[in-house]
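Engineer: Okay, here's what each chain looks like letter by letter:
There are 2 protein chains.
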Amino acid sequence: MTDIASSDHTRQSTSSTPDRRAAPAMHPAQPRSTVAFNDGGTLPQSSTITSPFWKKYRTLIHDEVLPYQWAVMNDDMDPDMPDDPAGNQQDTHNSHAIRNLRIAAGEQTGHHAGFPFQDTDAYKWLEAAAYTLEYRHDPDLKTIADNLVDLIATAQEPDGYLDTLFQIEMPGHRLKRLQQSHELYSMGHYIEAAVAYHHATGNATALRVATDMADYIDSHFGEAPNKIHGADGHPEIEFALTRLYETTGERRYLDLAHYLLNVRGVDPLFYQRQNEEDGIASDPMQSLPLTYCQAAEPIADQATADGHAVRVVYLCAGMARVAALTGDSTLLDACHRFWNDIVNRRMFITGGIGSTQKGESFTYDYDLPNDTMYGETCAAVGMAFFARAMLSIDLDGSYGDVLEKELFNGALAGMSLDGKHFFYVNPLEADPEASRGNPGRAHVLTRRAEWFGCACCPSNIARLIASVNRYLYTVTSRHGRDVIAAHQFISNDTRFPNGVGIAMTSELPWGGHVRFAIDNPEHASFLFAVRIPGWSARRYSLSVDGRRFDGRPERGFVYVPIEGGNATISLDLDMRVSMMRASSRVRADIGKLAVQRGPIVFCAEQCDNDAPLWLYSIGSESETHYEFRPDLLIGLGTVTVSARKRVLDHDSSPLYRMAEPEDGQTPVDAKLVMVPYFAWANRDEGRMQVWQESRS
Amino acid sequence: MTDIASSDHTRQSTSSTPDRRAAPAMHPAQPRSTVAFNDGGTLPQSSTITSPFWKKYRTLIHDEVLPYQWAVMNDDMDPDMPDDPAGNQQDTHNSHAIRNLRIAAGEQTGHHAGFPFQDTDAYKWLEAAAYTLEYRHDPDLKTIADNLVDLIATAQEPDGYLDTLFQIEMPGHRLKRLQQSHELYSMGHYIEAAVAYHHATGNATALRVATDMADYIDSHFGEAPNKIHGADGHPEIEFALTRLYETTGERRYLDLAHYLLNVRGVDPLFYQRQNEEDGIASDPMQSLPLTYCQAAEPIADQATADGHAVRVVYLCAGMARVAALTGDSTLLDACHRFWNDIVNRRMFITGGIGSTQKGESFTYDYDLPNDTMYGETCAAVGMAFFARAMLSIDLDGSYGDVLEKELFNGALAGMSLDGKHFFYVNPLEADPEASRGNPGRAHVLTRRAEWFGCACCPSNIARLIASVNRYLYTVTSRHGRDVIAAHQFISNDTRFPNGVGIAMTSELPWGGHVRFAIDNPEHASFLFAVRIPGWSARRYSLSVDGRRFDGRPERGFVYVPIEGGNATISLDLDMRVSMMRASSRVRADIGKLAVQRGPIVFCAEQCDNDAPLWLYSIGSESETHYEFRPDLLIGLGTVTVSARKRVLDHDSSPLYRMAEPEDGQTPVDAKLVMVPYFAWANRDEGRMQVWQESRS
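Sequence lines, in order, name chains V and Z. For what it's worth, this note's numbering labels the leading residue of the first sequence as 1, then goes sequentially. For what it's worth, this note's numbering labels the leading residue of the second sequence as 1, then goes sequentially.
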């Protein structure tokens, strides 16, 4: 927390709590909290995205994603729409989330529908809408969102509790089956949405519902003997409470988050006892090991990142924020331990995490199967949260590298270029025939679905894209000096609390030139830190006001002292195509190469290449040709690699034969056309492959 | 059916039916049936295995496997024996099969335990015991087996029905839920056992129980309106009935088998209607598609070999025998269609079949994943049945090649060299860490289990090994001439019905010299057909009485006319180590090589090689060194391949990096030590790999 972040440029808000039932459906923006809205140290005063690439996506969020998802949540989609035949993530088209809230609010009758956490469809939509309203003036959207806040407020119980499943179906079972209930998870998502919506619009009801929720949780969880000594089966509330603390300044919320982290796994029998006491004989969740929800042992004792990948990274994001805000070194150690385990041993080159469909989980170190993997969109989004939170603790370029990897690859691939189709699973190798024909690969869809029965991913990618302006800078200090660190090269105009304005123009992801025009009207003295991406560490050039700057990177950042009224910093990054290899400990990638250029990982798709993709082999020295093709979908950079192509054996040929030089199988020269991984499956359905055979 | 096969050398037996309850516990061998015991055209009069390799296995069957399995069936195993922690095939130690039969026989009370087909544990044991008694005089074993027959006879209902689950638990539901009941499957296994036991010992009770069963089935299934117009969910009875027909000469049994094949899949709603009428709301079987049990459409319309692999090959064995005995060309076409689909597109190089654990099933053409595959032992055994049956229809070397592949690889790997541990799943690549750590590979055990809850495999491999003397020759005719075809090179002494004696001495699987000393005292005129294995087709030499024989192979067989009183035929096969490759349509094997020598497929094991196996790469021209190591386990041939070994990256190295020539990753020269696939997992638990990276 630096002086910069808490300067008087921070927006103001009252923390008054008006009559919770009387919040108007629409009202003018309110002044913001007097407490610094720090948002993990990463949110400057205002950041406007000017990147054409990201503006397209953010326009999609406003124009397509939010209306589409709103219709889904209101069950307005065509009920006759055909389901996607492939995969076990059913392509349902109605969320029932609003209906559940209406029933809980007493506005209609009926039963709860959907998953226990169905409420979060609405909350994450609200959060995405909040961010969108910060860059797009839309009174209609605001009216809808205000009305949603009012509905949520009406659905909330007088004591602050809100979970429509339990309210509608099992009011006597509140907080009694935390292993599977997702109650705190759901309320956590509401709190995140409320903080964002309050920040965007000043809506006081939104924030008051959140504080009432947090107060309810605080009154039921804690060290006191009469409280619950366990945590939700799905982490999320911890991170949410840090945001609520940062917005309201209410220390109890931070302490509560801290408690919920510390109690996790301390009593490994907690869930079993709860379930027994609540009369749950068997539940699918109970068949999963406690590692699934990181509750087999205290966090301090958890050596590796195990279990459900989304849970792990949501937990890590919460841990990192609590560690940053409390200085708890045990939590910080856990953050570093899990980070290293994930990033160095359990992450796909796209940033995807989760190596198995079973439990949507991590498996073991270096187990990274490209075709049976999971790589859930939500896990990639959560990894971005984790990376951003770590940047606020420790300015290390590797966090920025991973954040960038998620933004341009693993997370972004979760949404189609039309904003209306989504991947839950993000494989590195796909084959429609395999998804249809081999049950072990049925979870891998080869075209994005319109919706999911478990619809966590579509709204998660929406809220990430809508808030990408919050992922660009970290404001911190170094040796007593203020630091503004630019770690993501997404063009933007930003005004910082210390009065500094930065206009960043970046050619990324297609070009390597980045220019920072720094306007420093108050002649603030600070260090401007520029991340040198890992993929460009070998070759880059940095100049300040036209003169080469020779500062060496320290842990991935070059620090440029800024004193004067203006400065122009130019960074040229290495945009050569790179052939990447995995550690030889990764069995799945042995003898294979991946193609990367800048932050973008490329893949081959069947629609660009006329043979099974596994017939092509490339070498580390293969000639490559990069071309930006404005005609291709939204305009995409493509890479063509000089490859060798094996002969496709005739289907009447023997299945096995002696390998002989003279068997007519000499590969021929060929071209392998590759597109950015995030853009795959936006044309004809077909095979896709990130890792190519290496011919060396 | 040639004259040779039905000559008067065939054993005699009465077909009288003594009082079924009065069969003595032990009695002298009875004379055999007057009908030719043809056994699919493959059983000559008597064949004594002299192969040291197979004698070891057959001694194991007698000395270890049968006593061990008998103890398991009688629930005599140590109840405290620890279960194998890996895998979903539980390592249980008590079968309950005998107890179930005793309860059904009224000799004790209690509930049925185990799977619906638990009876078959006892039946397949009995069948293995029968074959064993043909090569090992053991009055104690015979007493046990006779007593078992008596128990089975007592358990049988007066109307011939026998299925302990239904008798004990649901007598009113007989034949009413054929999709999942396994009633005809179980009775089929009894019939096979009875035919074998009757042949071996003359036990008339055994055969009478079988004919009573078949009569019961015949009275309930058939075209008459009051009969059942559907087939068992698991094929087996069809093949069994052909054996009963061949033993008894009762045409009704063949017609019944034919009917059960013809009715299969004709009414796709048959099972659903049965289940509804019998009040079964849901059953795990019902969630599987009808293709799982080859009942989605009539066999004539089934284009590919789909569903549960064991069901497919059991069905095929039955079809092939019925086609041979009836001349039904529709069934024969289906045999050829399924054979080609399996052998040319869906079979692992070891002979393993079944590409997915889900439904233990085939998937789609060329989908042959080495690490997530199934390759059930029973499916390999069933494939041997199918191959043998096809040889009796059509003397084509490819059937002999596949039969040999199963005998020396896919099937044989199912049992440990101590005869007391078994694989249900036979992967081509295994890693204990993966089996423990990745749920998608948990079905792959990396050490053989002591038993299984579903224990179909141990007794299946036992009955195959115990009867391997029935898999050596096919007696047939060609252009009006008698043919004795030698298609398996397993040393043996055999006397044929036409008086011809053959002493085959073969060095296989370790050496390539095979010698046939033919004794023809009656100067019979016939063609002696010798299979030239596919793996030796490019190089072999054949001599007759010391003179090179120049006859070219016709569809894999060389035909040598025999007229005189004696002949000596020498065959020298190509025992060079071969580097094998798969069709380039097989994604999983692209850029990989397998090592084969003679019929034996080799694999690398962790205990012989000091680095992760995927670090080694070999080339099609790599130097190889074969060595027979008498000290290794039962004495094994090993192959050492000159390989290149990649550097194992340090675990602190980056997970992904640019591939560069100068990154210190140049592979070094190394040796890759390989052992026969069938012998893997008999030493320290560790990684195993059949397909090696190719460096070309």
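Keep in mind the hints are simulated off the structure, nothing from the lab. Check each hint, because a few of them may be wrong.
All copies of an identical chain are treated as equivalent in the list; a pair is satisfied when it fits inside any one copy or across any two copies.
Only pairs whose alpha carbons sit at most 25 Å apart, straight line, appear in this in silico SDA-like list of lysine to any residue [as the list claims (entries may be wrong)]:
#, residue 1, residue 2
1, Lys645, Tyr364
2, Lys56, Asp140
3, Lys56, Gly110
4, Lys645, Glu621
5, Lys358, Asn340
6, Lys358, Ile98
7, Lys645, Ser329
Engineer: Does each hint fit the structure? Answer for all of them.
Structural biologist: The hints, checked one at a time:
1. In this assembly of identical chains, Lys645 and Tyr364 lie within 25 Å of each other by CA distance solely across copies; the values are 24 Å between and 34 Å within a copy.
2. Taking the shortest alpha-carbon separations for Lys56 and Asp140, only the intra-copy value of 21 Å comes in at or below 25 Å, while the best inter-copy value is 84 Å.
3. For the identical chains of this complex, Lys56 and Gly110 are neighbours neither inside a copy (40 Å) nor across copies (71 Å), given an alpha-carbon limit of 25 Å.
4. Proximity of Lys645 and Glu621 under a CA criterion of 25 Å is satisfied in both settings, with 16 Å inside one chain copy and 21 Å between copies.
5. Within a single copy, Lys358 and Asn340 get their C-alpha atoms as close as 23 Å, which meets the 25 Å cut-off; across copies the closest is 35 Å, which misses it.
6. Within a single copy, Lys358 and Ile98 get their C-alpha atoms no closer than 30 Å, and across copies no closer than 37 Å, so neither meets the 25 Å cut-off.
7. Proximity of Lys645 to Ser329 under the C-alpha cut-off of 25 Å is found in neither arrangement, the shortest distances being 53 Å within a copy and 42 Å between copies.
In the structure shown, a violation is registered for the earlier hints numbered 3, 6 and 7, in ascending order.
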